[in-house]
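Undergrad: Residue numbers (numbering that gives the first Met the number 0), protein chains in the order written: chain A, 0 to 108; chain B, 0 to 108; chain C, 0 to 108; chain D, 0 to 108.
Do not take every clue at face value.
Heads up, the list lumps identical chains together, so a pair's fine if it works in one copy or across two of them.
Each computed DSS-like pair below joins lysine-lysine, with the alpha-carbon atoms no more than 27 Å apart [what the hints assert, rightly or not]: (1) Lys97 x Lys46; (2) Lys99 x Lys58; (3) Lys104 x Lys91; (4) Lys46 x Lys12; (5) Lys47 x Lys97; (6) Lys91 x Lys57; (7) Lys85 x Lys97; (8) Lys58 x Lys79; (9) Lys79 x Lys92; (10) Lys79 x Lys57; (11) Lys79 x Lys104; (12) Lys104 x Lys55; (13) Lys57 x Lys73; (14) Lys4 x Lys73.
Quick caveat, the hints were computed from the structure, so don't treat them as lab data.
4 protein chains.
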Amino acid sequence: MSDLKEITNALLKFRNERDWEQFHNPKDLAIAINIESSELLEEFLWKKNDEADINKVKKELADVFSYSFLLAEKYNFDIKEIVLEKIEENGKKYPISKSKGNSTKYTDL
Amino acid sequence: MSDLKEITNALLKFRNERDWEQFHNPKDLAIAINIESSELLEEFLWKKNDEADINKVKKELADVFSYSFLLAEKYNFDIKEIVLEKIEENGKKYPISKSKGNSTKYTDL
Amino acid sequence: MSDLKEITNALLKFRNERDWEQFHNPKDLAIAINIESSELLEEFLWKKNDEADINKVKKELADVFSYSFLLAEKYNFDIKEIVLEKIEENGKKYPISKSKGNSTKYTDL
Amino acid sequence: MSDLKEITNALLKFRNERDWEQFHNPKDLAIAINIESSELLEEFLWKKNDEADINKVKKELADVFSYSFLLAEKYNFDIKEIVLEKIEENGKKYPISKSKGNSTKYTDL
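So here's chain A without its partners, still in its complex pose:
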């Protein structure tokens, strides 16, 4: 079994043991991803990069991943496939010749 499948299965087992599928509609899962990503960001608030507590960053990032895996599962997205497809699409928005060493958004390139 692939690692991606193994992670998804562990999350579904946790969810189903608690009978939480009823709450996990796509809109609320997208809200949950937002909330967790803000808790992650809070670890850096008023701080420099190296002042964040790595152990807390680890836990908050794990929460972002968890809800992202659950939302992907809702739509039967293959995570490897959607990320690789998006990288290809971004390659067109950000051609190396224009974006090398340059963080400008594609809409302003």
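Following the hints, put chains B, C and D in place on chain A, whose structure we already have.
TA: Chains B, C and D only, in chain A's frame:
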């Protein structure tokens, strides 16, 4: 090679070809995750669950994953390990007996 | 008429002319605040403080305010009152003696 | 004194008593707005509109306002002016004839 490693490698290749590592410090990566997760959420704004455009949800969720993978890589986190560890920790916060069929936050259980 | 009331009235006029009250339930307004606050944050992504475009920051912050005023109006909150009350409450969480010159969160003080 | 000025002054007094101006750069204030707006949104997570706790919504919305007022003050923005200007600009993006009763984003109108 595991799927997780393969995704990370594709993201690093894309980043390095554009010489973007200089911008990708942990704090800005955490900000990027937040921005992408809000773009994902925007697909559901003023809408019911089934009114979201699945193709757009797919792309925005791929962006959330991409920056999450890149932040994990910064800290050398093993994604499978941190998610499984967090599930175990959450199991203590949300014992099945108290949380079955109940979406209450653990601080209020 | 107070400035706060004048701003709220201008926002309600704009909303009502477009018959948008039907979309503006509290949950979606809270989502809208999140989305606008991420667009605001995007002006600082990969940047130092003084590299943000002030004119864009102004517009995105105006959007955050707009939806915040509309959510306050939904609940008939008096904005001055709720902010002053929260300052008072925060004064207890963050006593000057413990928090002077110190950005530590109250839960860790 | 206008209500807007009174709120800003109360926030500055609170900040200055704690010597926190050193932390309140624009980028971190924008991050703080994001974090508070996610805490606000968390009051609606897994819930219907009328299931949110109004007292908690009030406090979280007050926090969103507080950091928004502080960021506006950093740039010397006049809050009434920037909101009224943005309403005027949005009036062009969303002409009544096209957007009445229609929540479609202007980029798709």
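Undergrad: Which numbered hints does this structure break?
TA: Per hint list: zero violations.
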